[in-house]
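Given chain S, work out where chain L should sit, using these hints.
Each chain is listed here by its residues.
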Amino acid sequence: MNAAPLALETRGLSKSFGALTVAHAIDFRLPVGARHALIGPNGAGKTTFINLVTGRLTPSAGQILLAGADVTALSPEKRVKRGIGRTFQITALFPGLSVLENVLLAVSERHGAAGDMLRFAGSRRDLVEESEVLLERLGLADHAGRAVRELPYGRQRLVEIAIALGLEPKVLLLDEPAAGVPSAETGLILDIVEGLGRDIAVLIIEHDMDLVFRLAERITVMVQGAILVEGTPEEIAADPRVRAVYLGTEAS
Amino acid sequence: MTAPPPSPAAHRLRLYEILPWLCAGGAFFVFPDYLALGGQILIMVLFALSLDLVLGYAGIVTLGHAAFFGAGAYVAGILAAHGWTEPLTLLLAAGAVACLLGLVTGAIVLRTSGLSLLMVTLVVSELLQEAANKLGWLTGGADGLQGITIAPVLGLFRFDLFGRTAYLYCLVILFLAWALARLIVHSPFGRSLIGIRENVTRMHAIGSPVFRRRLRIYAISAALAGIAGALLTQTTQFVALQVLSFELSGSVLVMLILGGVGRLYGAFIGAPLYMIAQDQLARDDPAHWLFWIGLLLVVVVMFARGGVLGIVDRLRGALR
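Protein sequences, first through last, are from chains S and L.
Here numbering that gives the first Met the number 0 is used: the first residue of the first sequence is 0, the next is one more, and so on.
Here numbering that gives the first Met the number 0 is used: the first residue of the second sequence is 0, the next is one more, and so on.
Where hints are given, some of them may not hold.
[To be verified] Short, incomplete list of chain L residues facing chain S, as computed with Cβ under 8 Å: (1) GLY140; (2) HIS185; (3) ARG201.
[Claimed, not checked] Label pairs and their calculated CB-CB ranges: (4) ARG55(S) with GLY24(L): 37 to 43 Å; (5) GLY186(S) with PHE174(L): 51 to 57 Å; (6) PRO181(S) with LEU294(L): 56 to 62 Å; (7) GLY154(L) with ARG55(S): 56 to 62 Å; (8) GLN223(S) with LEU126(L): 47 to 53 Å; (9) GLU16(L) with ALA3(S): 53 to 59 Å; (10) ALA243(S) with ARG319(L): 56 to 62 Å; (11) ILE107(L) with ALA236(S): 54 to 60 Å.
Calculated from the structure, these hints are not laboratory results.
Just so you know, even glycine gets a beta-carbon here, dropped at the ideal spot from N, CA and C.
Excised from the complex, chain S in its bound form:
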């Protein structure tokens, strides 16, 4: 199990705001191609962990390694170039732009074309086509020309994922991709994540336990900024400490 090379690893990753510790010495390993879920009650520090890994927050201590290389000192932008892609719990799109343009922005950044100033954006047919192919894959092709703000929320969540996939990440961090999506549509999101290639390691934060148990091969449970337990879905389902956390009593 540990023989597989690691796509992402954190060692003793900690974050404190004054006396408040929101991440407590997190040792986490995500093998290449993993399907891993991060669960825990609200305020457990799951999103904080993602923000530390992506560089939105600077850790107080500890290390972050991507494919074995220490990226702790790198800017968020450089980490993206090293293969970290993320989605947001609260939809973070470009609402006034079309669905295609949303994805094209990410694709252009990945190709290093987004700084080009003296040519028209539409003249990079290769990038536009790549974005269209991605939209096709996610069932968004029919909406390509529509402004994102006009889409139903469920579709917006798909665009959220499409942008991240436009970066061709090695590590994909999905922060509650199904949050706020009507249950009839969560299947779409599930299908997309299940359909991802094994060159992508996926870490998913989710409260929808059906989704978690269908997708994840391993599950980590976080409580109060620290990892409580990690194991296979069966182990987690049977763990009395996890039950205690979710039933609201103190784990001992």
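Same frame as chain S, but now just chain L:
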């Protein structure tokens, strides 16, 4: 306030994009007695266009854009007063200095956002104005900079009393600036600026060097504003302290809002509207013309978000 979503083919030239040039060209023949005002309008269009790049596209709300306009005006004026009278190279010099000023001040200013950004941009322009006021030996101080002579454009076209050369000269420069600005906003870089305006958090998350992008457009915008300022110097052969004033920063902002922000053509509507209204109102009601401008602005902000072009968009939407 924002424009409708651009598509990858948005860079294709539309018919309406020729309209401003037809109007500007036609005005030369129809209003031969108003060419002096016309030239000033073209200069303000250029200035408002430069503001649109930072405000409308990159979402940088500044109250100090006159810093660059004024810097360009003074560079052109001071150099010309010392014998560098060739107009085109003067424009380049003014644009280069303003661009540099944009880079230096932008490196500080753009680390802030929201209200603090507003304040810091204001402070920069106020500092410059005070400096220009104190350096009377160089700038003429409160009396203004005089003794400016400008050589004929390309050695052929002398600046005449009727403002014919000045008008056409400004028109050509504006056209070139517009072509550049249009290319920029439809380029991948321009799209990434819209992305920064729409959702800066997401731009970070897709690996965009947000600060560098904003700094770059800030410097480009500063250069264009500087060129606009230099045009004013060259066509009026005078520089007053007002070119660095908060009032000018405010006025150009009002012009842009009247016309429509983030649409590239808001400047082409707002600046003439404002300047002509000012010209007419100041004649009819010299004491209170600013009140009427203010009223116009209140009406636009309350009932016509997106300015005149916003109204046009809604009309087109309703007709579809």
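Structure-based check of each hint:
{"no.": "1", "hint": "GLY140", "in the structure": "violated (39 Å)"}
{"no.": "2", "hint": "HIS185", "in the structure": "holds (5 Å)"}
{"no.": "3", "hint": "ARG201", "in the structure": "holds (5 Å)"}
{"no.": "4", "hint": "ARG55(S) with GLY24(L): 37 to 43 Å", "in the structure": "violated (51 Å)"}
{"no.": "5", "hint": "GLY186(S) with PHE174(L): 51 to 57 Å", "in the structure": "holds (55 Å)"}
{"no.": "6", "hint": "PRO181(S) with LEU294(L): 56 to 62 Å", "in the structure": "violated (48 Å)"}
{"no.": "7", "hint": "GLY154(L) with ARG55(S): 56 to 62 Å", "in the structure": "holds (57 Å)"}
{"no.": "8", "hint": "GLN223(S) with LEU126(L): 47 to 53 Å", "in the structure": "holds (50 Å)"}
{"no.": "9", "hint": "GLU16(L) with ALA3(S): 53 to 59 Å", "in the structure": "holds (57 Å)"}
{"no.": "10", "hint": "ALA243(S) with ARG319(L): 56 to 62 Å", "in the structure": "holds (59 Å)"}
{"no.": "11", "hint": "ILE107(L) with ALA236(S): 54 to 60 Å", "in the structure": "holds (55 Å)"}
The structure is inconsistent with the numbered hints 1, 4 and 6, although it conforms to all the rest.
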